[in-house]
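Protein chains: 2
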Amino acid sequence: MENVLFFLENNQLAKLKESLMEENPVDIAELLEDLTKEQSLKIFRILPKDTSAEVFSYLSSEKQQEIVENITDEEIRHIIDEMFIDDTVDFIEEMPANIVDKILQNTSPDTRQLINQFLKYPENSAGSVMTVEYVSLKSGMNIGQALNHIKKVGIDNETIDICYIIDNQRKLVGFISLKSLIFLDDILPLVDAMETNVISAITTDDQEFIASQFRKYDLTSMPVVDNEGRLVGIITIDDVVDVIDQENTEDFQKMAAMNPSDEEYLKESVFSLAKHRIIWLLVLMISATATGIIIRRYEEILQSVVILAAFIPMLMDTGGNAGSQSSTLIIRGIALGEIQLTDIGKILWKEFRVSLIVGVTLAFVNFLRIYFIDRAGLTISLVVCTSLLFTVVIAKVVGGVLPIMAKAFKLDPAIMASPLITTIVDACALVVYFGLSTHFLNLS
Amino acid sequence: MENVLFFLENNQLAKLKESLMEENPVDIAELLEDLTKEQSLKIFRILPKDTSAEVFSYLSSEKQQEIVENITDEEIRHIIDEMFIDDTVDFIEEMPANIVDKILQNTSPDTRQLINQFLKYPENSAGSVMTVEYVSLKSGMNIGQALNHIKKVGIDNETIDICYIIDNQRKLVGFISLKSLIFLDDILPLVDAMETNVISAITTDDQEFIASQFRKYDLTSMPVVDNEGRLVGIITIDDVVDVIDQENTEDFQKMAAMNPSDEEYLKESVFSLAKHRIIWLLVLMISATATGIIIRRYEEILQSVVILAAFIPMLMDTGGNAGSQSSTLIIRGIALGEIQLTDIGKILWKEFRVSLIVGVTLAFVNFLRIYFIDRAGLTISLVVCTSLLFTVVIAKVVGGVLPIMAKAFKLDPAIMASPLITTIVDACALVVYFGLSTHFLNLS
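Protein chains in written order, with the numbering used here: chain E, 18 to 461; chain A, 18 to 461.
Incorrect hints may appear among the rest.
Copies of the same chain look alike in the list, so a pair counts if it works inside one copy or between any two.
The list that follows gives simulated cross-link-like pairs (lysine to any residue, SDA-like), each with its CA atoms no further than 25 Å apart [as the list claims (entries may be wrong)]:
#, residue 1, residue 2
1, LYS168, LEU201
2, LYS66, ASP360
3, LYS363, THR53
4, LYS169, GLN29
5, LYS284, ALA307
6, LYS284, LEU373
7, LYS284, VAL414
8, LYS168, HIS95
9, LYS169, MET211
10, LYS196, PRO65
11, LYS80, ASP360
12, LYS155, LEU201
13, LYS34, ASP209
14, LYS292, ASP360
15, LYS233, ASP259
16, LYS363, THR124
17, LYS137, PHE457
18, LYS196, PRO206
19, LYS233, ASP178
20, LYS137, PRO277
21, LYS80, GLU355
22, LYS233, SER142
If you are wondering where the hints come from, they were derived from the structure by calculation, not from laboratory data.
Based on the sequences and whatever the hints tell you, model everything.
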């Protein structure tokens, strides 16, 4: 890349072009992001048409907009012609209305119709993720005819390693891999060679479900059909990797009490970041009022044994941490399809036993610390450690069960994560703590 | 599957075999998990050799062990011959020593050597993830010779959609897609048609880095070379999907203060679950001692204005939540390669502004609640809300910066997540809260 920059600055265009040809389009796109408008346009225009379209599809939407605003209609037409429809649609969705108009005016009626159809699929559905650049074979062909057909139409298509086979009504009937095609005898009918056990999706299927099917069956591509079973597109595994990343990011965000956002952190505005965070903070802050009410009910004992306050943060933090460990494992297990609704009994029993082991250990260590180092008195030490044990048990049981109950009520298990569990466990911990304190310390 | 079960129970073996042939091997494996030993052996033995090996590779290690313990050496040999080496290695790694011996005795010397080589690669390295069943072409071939070579050796190989090209020293020099091969003229030399811009990995590269390369360059397979640049295997995208799932699960676990575990939740023993959770809980519990010390230092003011204790949980929870929102976004951004070390200044400035918006809003709402509903007095209300604002600012700045500092010190950013941030923010929040309280409330 140093060469590229050197030739660019010294305006050595022939050498610039030559050195660009050695680079991967992804890296060229990365380079353009850091250049000025004039520099990136110069590089963009020097690239061969098909490379420039590929580089374009890897650019950020800000850079895409900058380039589209500064090139001719003719150049726009070339890019749209060369790009895959799904990349074009992703690009269009991020552009302001005037740019969208400019783009649609420069596309052929066929492409325009396809783009419009794509824009109508619900967000995160199979239809919105799929590509229409695939090779379909007719069920009446033989192997030789199929190979000829592929040679004729296949060169521009995103994936032809797996070819899907349709009947006269365009209904999906089977598939065959390109490698089988080249190994088999030319005169063998396609229907005798194809596999009929096709895992397919419907355009309205959710992308998370699609990803789980790819995982389960180790697929590299999957056909998408409409409600009548007609083949309308395919989903390739590189798009599924993006889906998995996106779904995981959403789960991370929900589990940290945020409304999910598709935007990259560094590109998102301060107001948008604040907006995604504030609702849950408000809800949780107001829920925490409950803990305030509990403490105020026990003001008297707190006033007479003020050292009790010193252990509140430790109890609450440990409870929160213990609960979020459990809820995280369950939420993740549900997301990966390893845990079902019917496992609720097993989870309850498992978390109960784990919480006993963990709780007793923590309570024991804590007792040593409080009694021998803090010298807090035997009764207080025992009250604190018993409360700790109860807190850990409650936290782990609540943390283990709530996500699966959310699933049962068709809510997203990811919202039953650390922050909400912490708020619930806090209240329980305080009730136990002050209950025990009142009982055992009032006597003295 | 109902058919399968019906024919199995009525011992109608011919029909059983027929109905099994219509099912996907993944689904057959799923069925076997729920059957008794005798039933699963019956089904397993009725399957054609290549299907049974595929079904075997999808089984849980418990079921694999059960089957291996109950079949003949001859049958074991067939399974190992049919399975891909990487699946065989995954299977062997989970078996007890006596079973491993039994398996290794039943494999050819070549296979045994390959298995041993695989077992030596560090865990989570490119070497341990790669497969050795790929097609390599010699750089001296022309297109026609290449196609003939593929037809001769290719049928058993996992991936031949991309073929890698090596020179006489087995050094990787380029690649070509199967679709290019079938479109090109037979007499064209391979070196004139191949792409030389190969993205490759070294056997010792970490799998997380491999996954990021697949993401960045939209790859479906990647060649793996040894230290001398010789081709030794390939990594296919379906294995990368498993890597991505595994890395995400690890991040989720670390971010919830657990030592990561590869085991599925429902299959992991209670003691193992407890072991993975207890260390961090202990560390965090003992760190929470700091908050106890702070509270004890301010016992006096707490005793005279005991209502102050009622707001501690709300302050701590809100601080913890605000901090974990920020740290989660930064940790995820680092994991996806969107955030670099050099972005630390940008993050600091962004989090500061977000925290002002969020903090002022929360403080305002809280003031309304405390002053008008709780009727807590103007000075106390102001002290609580000012502390809240400071807490949110500190939490978001600490949450935003710590993960990137962990990265700078070559630690895993994921450990700088919610639990650790909460502990740090708690202490800061209490110092501010009691500091302000002493200053403004002692006067009255």
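Can you list which hints this structure breaks, lowest number first? 2, 4, 5, 16, 17
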